[in-house]
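Undergrad: Listed here are the chains, written in short residue letters.
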Amino acid sequence: MPQRRSAKPRPKAKRAPAIVLRGDYALARVESLKAVLAPAVARAAPVVLDASAVTRIDTAGLQVLTVFVRERQAQGRSVSWRGVPTSLSKPAQQLGLAAALAVPLA
Amino acid sequence: MTLDLTQFHGVFFEESFEALDTMEAALLKLDLGAPDADLINTIFRVAHSIKGGSATFGFADITSFTHSLETLLDELRGQRLQVTQPISNQLLKSVDVMRDMLRAVQSKQPMDAQRVADVQFEVELIIAQRPKTPAAASASAHAPQRATPQRATPQGENPAPRWHISLRPFAPFFSRGNDPQRMFEQLAALGALEVSADLSALPGFAALEPQSCYLAWNLLLTAAVDEQAIRQVFDWAEGDCTLEIRAENIPAGTASTPPQIPAATALEAPAAPSTSAALSQTEAQAMSGLGEAGSIRVGVEKIDELMNTVGELVITQSMLTELSRTLESALPEQIHLGLAQLERNIRELQESVMRVRMLPISFVLSRFPRMVRDLAQRLGKQVELAITGETTELDKTVLEKIGDPLVHLVRNSIDHGLEKPEVRRAAGKPATGSLRLHACHRGGNIAVEVSDDGAGLNAEKILAKARSRNLIGPQSSLSREQVYDLIFSPGFSTVEQTTDVSGRGVGLDVVRRNVKELGGSIELTSETGRGAKFVIILPLTLAILDGQSIAVGRENYIVPLISIIESLQLTQGSLSRIAGRGEVFAFRGDYVPVIRLHEMFGVQRARAAQDGIIVVVEGDGRRAGLLVDDLLGQQQVVIKSLDTNYGRVDGVSGATILGDGSVALILDLPGIIRRANVRANA
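First to last, the protein sequences are chains Z and A.
Using our numbering, the first residue of the first sequence is number 31, and each one after it goes up by one.
Using our numbering, the first residue of the second sequence is number 13, and each one after it goes up by one.
Pulled out of the complex, with its shape left as it was, chain A reads as follows (with noise of 0.2 Å):
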C-alpha cells in the first residue's frame, strides 16, 4: 500500500549523510595516478541511490544534480574520462554541496539555488569537455512516453544498450508493498524507457479483486547501465513476481556481470534500495522480521531512556543490598545469595547497555582526512594523514566531546607544527611531513594521540615569551616539562602572525580546561626538531564517576576522585591566615586556599573549627584544600543529572542516590573554586 512517505524521510536523510561520508572518503582514497575501479564504482553506487531516493520522495533539485554527478562518474567509470586533481576536487565540492542541499531540504530551508546552478554548470562542463571520438553516436531515445522523466544517456563511443526487461507480478504484488509505478519512475531516470501493459490476464469487472495485481509489463530501456543497477530496482519485489532482463546490443566495455564490490562497501549496497525501492516494503519487512540480520538502526532518545533505567536499577539494588546489611540476621539466607545475585545481573546489564552506547572512535577521526587535505592545502604544506586505532570503542557522550580538542591539535600541528617542504627538505626531512592520529584503550581511559614529525616546540622561544608575558620570574629556572606546560597558558602563543586557522589565544587552555572538565588530562612530549605529540586522556564513559564520598555535617557530597591529589587530616596549626589570600593550609611546601565547604553550602558542621580533613583538589588548573568532617568510601556512583531533574546549580555538576536512599551531591569543583575566589576578593 501507498503510506505517506513523510515518515520516511528521517530515514532517508540519514542514509544519505552516511553515504555522502563513503562517497568523500572513497574520493580522498582515490589514488590520481592509479585511480582504483573498485572505489570509482563506490562512488557512482552513492550517487545513484541518493538519485533514487531523492526521486522516490520528490526532491526534485537533488535529483538533478545528482543525475549530473551521476553522468560525471559513470564517464569516469567507463574510463571515457580520467580522474584528474580538478575533478577530484570538483567531485568533493560537489558532496558539499549535496550536503547543504539535503541539509536545506531536511530542515526545511531555501537552498543557495545559485551555488547548485553553478556547481552543477561546472560538473556539466567537464561531461561535455571530454575527448570525443570518431566513432559515430547512434540515436538513444526512442519515441519515450511523454509525461514519463527522460534523459538521453550520454552516448560517448558505444550506443547504449537496450534492456527488455519483463514484469510478471504475482497475485500479491499490491499487497506485499510493491508499486511499479515508482519502479518505473526509477527506471525511466536510468535512461529512455518505454512501458507497454500487459492488459491480458484482467478479469471481468466482476470478478475483478482490487487488491490483487493482473496486470504485466514489458519496459525496454535505453540506458548505460549494466544489468546490475536495473535489477536494483526490483530488489524488494524478489520473490513477488518473475522478472527478466535481458540486454540487446551489448558494446564492449559494458559489463552485463555485476562489478564485484569489495566486502566494505557491500554493507551499503543493501542499504542503498532501502530508499530507492517501494517504501513501504521497508515496512512490511521490518514487520515481518526479515531484513538483513547485521543491525538496526536504534533512536538515540531510546538507549539514553534505556541507560537511565539501568541507572535506576543499580540504585535500587544498592538500597536493598544497604537494607539487607542493617537487617543482616533477621533475613534467611537465601535473600542474602539472592541480592548478591541481583548485584551480579545488574552490574552485567549496566556493562552490557554500556557498551550499547559505545561506538568506534571512526566517527569522530572520519572528518580528519578532508580536513587535513584542505587545510595542507590552503598552508601549502604537503601533509600524509595515517589514521589508526579507530575502531577503538567509546562512549557517545564522550565522543561528541573528543571532536574539538583534536580538531584543535590538528590544525595546531599542521599550521605550526609541521613545516613547509622548502624547510623540511633543507631539514632533511622529507618534503611531505606525517601527521599520525591515534587511538587506543589505557586502562579504564581511551588515549587519543596526535602525533607530527614537524619542528617540535622550541623551549626557548616558549621561555622567552612566558617572560615577556611575566608568566614566569627571569631568573626561575623550569624543567623542560613545566616549560612545555607554559603553552597551555591562557592566551599563549608563540607565533608571530595568528593564521585565521589557528594561534588566536583560544588555544590550548582551552582544550586542556575542556579536557580536565571531562575528568581527562593532556600529555605532551616534543623533540626539538624532530615532532611533538599531545596524548589526549578521556574516561570510557561519563555516566558514571568513581568519587571519593565525604561528610560535611550531615550532608554527604561525592568529590571526583580524578581530581583529588590528597587527603590529610587536619593537625595544631596547618591552618593559617596570609594578608591578601584568606585561610590557607601548608601542603607540600606551598599554601593552598581552604575552602569551608559547610560555609558554602549553608550546612552545620560536625566538628570543631580546626578540626577534620583536607581534601587538596585541582579544579581549572587551580588548587584548593576543601576542609570536610569526615572521609566516607570509594565508590563508583551512577551521575543523574541536576540539570534535567531540578536546574542548574552552582559548583555541583551532577548528583547520585546513595545505598541508603539519600541524594548525595557530586561537587564541581571548578565552580567551587571559582565561587571561593569570588568570596575571598568580595
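Here chain Z stands alone, though its shape is the one from the complex (with noise of 0.2 Å):
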C-alpha cells in the first residue's frame, strides 16, 4: 500500500510574508537593498514591506524604494507597509518622497 503522504498543514495565512527590511541602508548597501527587493517587484501577490528594523536609510536607498513602489503601482500591484520607523518616514518627508513612497506620515 502506498504510504499516504501526510498533509502537511496549512499555515493559518494572517498575515501576507513581508519582505524584511534591517539595519542600515546607506550608500554602500544600496545595491543589496535593490537585490533584496528585486525578487518581489513582479510577484503577483500583495508586497509588504517591513521595516520596522531600519535603522538608516539615505536618500539613495529611499530612490529604490521610490522605484520599486512606482513600479509596482504602474503594474496595477499593490505595495505597503508595516512598521515604519522615523528613521525612514522622517527622510522621506524631508525628500518630499512620503508620498510616492505611500509611507504612512509619522
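Label-pair ranges, simulated between beta-carbon atoms: (1) 112/Z / 208/A: 24 to 34 Å; (2) 68/Z / 91/A: 55 to 65 Å; (3) 74/Z / 178/A: 38 to 48 Å; (4) 112/Z / 143/A: 50 to 60 Å; (5) 74/Z / 219/A: 17 to 27 Å; (6) 68/Z / 324/A: 54 to 64 Å.
Hints listed in this document are in silico derivations from the structure and should not be mistaken for laboratory results.
Idealized CB from N, CA, C, for every residue including glycine.
Got two chains here, each in a separate frame; can you build the complex from them with the hints?
TA: Spelled out as C-alpha cells, the structure:
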C-alpha cells in the first residue's frame, strides 16, 4: 500500500509574508537593497515591506524604494508598509518622497 | 556615502570654538555708537555656521540656542534692533553659554540646562521687545511638511522673501558624497520649507543603477535670508548639480547680493561649510586633493613626533661627525665633505620643523580684550587696551607657558596700577587708562611687554613695607632697581585690601620663578605717577638649550648657560667653612655656598679636594657655586625628556646625547640648590 503522504498543515495565512528590511541602508548597501527587493517586483501577491528594523536610510536607499513602489503601482500591484520607523519616515518626508512611497506619515 | 559622523565631531568642536572666538572678538570690536555692518554680519555668519554644524550632528540643544541667537543677530543685521550695551553684554553672555554647551557635549557631560534656558529666554525677550512698526506682517509659512523642523521667520515689517530653489543633481551626485536630506534639513532650519520631488527621470526597477541619482527637487523656502545663505547650503555640491535660486517678493532692505565680507573674515567662510554641508564631501575632497590650498590642520602629536625624530637626527649626525673626526686620516675626503653637507641639511631641517611649531602669540593675547573689559567693568575702571606685535611667533611649548604670567601682570596693572577715573582726572590724566601689550623678538628671545599709564610703583611704600617685614635692614640704602626688585619677594604686597583679583600674595614671586624656570627673566621699569612697564623675556623655544658642558669624574653634565654667572678656577684658600653655612666660596665680596656635585651624584672625582673649577650659578633666586672637575665646550643641545624615557629625578631637568654617543644629564639648578640646602640643614 502506498504511503499516504501526510498533508502538511496549511499555515494559517494571517499575514502576507513580508520582505523584511533591516539595518543601515546607506549608499554602500544600496545595491543589496535592490537585490532584496528584486524578486518581489513582479510578484503577483501583495507585497508587504516590513521596515521596523531599519536603522538608517539615505536618499539613495529611498530612491530604490520609490522606484520599486512605482513599478508595482504601474503594474496595478500593491505595496504596503508594516512598521515604518522615524529613521525612514523622517527622511522620506524631508525629501518629499513620502507620498510616492505611500509611507504613512509619522 | 553616508558615514559615521562621530569621526567628524572633533573638527566640528575645534572649528566651533574658533568661530566663537571670532564672534567674541567681533563683539568686542563693535563700537556701539556706530556699529559696523560687516562685524555684525561676521557675528551672524558664525552663529549660523555653528547652528548648521550642530544640526548636522543632531546636537539639538545647541541648534535651538544658536537659532535664537541667530534670530537676534538677524534683527541687528537688518537694523530692526539697535546694538546697545545690554544687548552687547547679552551676546557675550551667549558666547559663554555656547562655549559651555560645546564643552559639555564634547566631554559627554550634562550641560547646565537651567542656565541655557535662562539665557535663551533673555535673548528671546530682547527679540520680542523690539519696536514694532505699523506695517502688518503677512503670513510666512505655507503648509509646511509635517515632520520637517519648521520655524516661522521673524516677520518684522516686511514679509519674508520666498525663494524658489531648483536642484537638479547629476547622476554621480550620491557617490560624490552629497546628501540632499542633510541639505534640506539645513534649509528647513532657515525658514519654512516645502519640498517637492521630481520623479520624472526615474527608470524602471531593472534598469535602476542604485548609486546614481535620478531625482530632482523643487523647493520653496520662505525665509528672511539672502541668496548667499541658501547657496552656502549647497556649497559642496557645486559642480555635481544644476542649482537655480530665484527670489520672489523681495522687500526693500533684504539684499539679494551677498554682503561684502572683509578679507579677514572671508577666511571663516570656507571653513564654515565644511561642517555644515554634507561631511562625507570633506573626506572626498581631502582624498582627491581638492580644497583650499592655504593650510591644513595637523594634530599636535604629529608635530611633536616630528620634532622628536629630527632631534634624534641631530644627535645621530653629530655622532657621525664626531666619529669622522677621530678617524680623520683614515677616511676619504668625500666622507668629510658629505658629513659637512649632512650637518648643514639637518640644521636646516631642524630649523624648519621648529618653525612649524612656532605660532603667533596672538593665540595667547586674544583672550585679553575680553578679560580686560570684564575686569575693568568689575573694578570700576576705564581701560583702553592696545595690543601690538601679535604676529610675533614663538614655539608652542613657550606659548603654553607664557599665558599665566601675562594674565597676572595684566590683572595687577588694572587692579593696582591704573587708578579710578576720578583719581586720574584729579591728577590731570585722561579718565580712561591705557594698557599696552606688546610682543617682539629680541635676540634669540621673545619679549612681551605689559605697560600702563597708571600710578606706577611707589618706592617709599615698597621700602616701608619691606622694612616692616624685615626683608631689609632699617638703615640699608637701596638703588631704585633694588627697591623695585623687592616686589618680587614672596608674599609681598603693598595693597591694603586684597581684592579677589590680585594681591593675595600668590604673586609676582611665583610669576618670576615660573619665568626663570623657563630660562627667562622679567624686567621692570616704573615712574611714580606716570606708569609701569613689565617685560617678560623668554627663549624662543624650550626644545633646545644652550648649555655649558662640565665634567665631574667620568660623567658629563650640562648646565644651562643662562643660569651661569661666572666660572672660576679654584685657588688656594678660596674655599672656607663658615659656621652655620657650610662650605663657601668667596665671590664678588660675598660668600656663595659650594655644592660638591660629585657628592650629590655619587660620582668619583678626578681631582683633589681643593682642586677644580667653581661654576657660580643662579637658581630659584639663590646663588651657589658648583664644584666641578673641568669645563668642556659650550653647545646647543637637544633636550630629551627624562620623564617620558625614564622617570622624574630630582635635580635633573632632562638629558641629551652628546656627539660621542654618551648621555649627559641636564642639571635642574633650582632643584639642586634646594637639595643642597636640605642636606646642609640636616
